[in-house]
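Produce the complete structure using the sequences and hints provided.
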Amino acid sequence: MNTKEIIKSYVLEKLEKDNIKNDDDIFELGFVSSMFAMELVMFLEQTFNINIESDDLTLDNFKSIDNMTKLAEKKVSII
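The numbering of the sequence shown is UniProt numbering, which starts it at 1 and goes up by one.
What the hints contain is simulated information worked out from the structure, not anything from laboratory work. Take these hints with a grain of salt, some might be off.
As the list claims (entries may be wrong) - Lysine to any residue pairs mimicking SDA-like chemistry, simulated, CA-CA at most 20 Å apart: (1) Lys8 x Phe62; (2) Lys8 x Ala37; (3) Lys74 x Thr47; (4) Lys14 x Asp25.
This is how it looks when you write it as structure tokens:
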């Protein structure tokens, strides 16, 4: 699986959804609590062996599958 597929699979499982679009704003749709937001950060850090800095903790970076994929791939390329 590629980065986007891994992230989407995790999000769908955690949200107990059958499908969401890669560009759906999961915050705007009401799918995300503050606890789940922290779980997303930990998932990305552990799964992709990256360090998400406080500057990265913006709503924009986590609002969609596409944006989380961009963040993870950017962080992986820095390592």
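**Q.** Unmet hints by their number, sorted upward, for this structure
**A.** none
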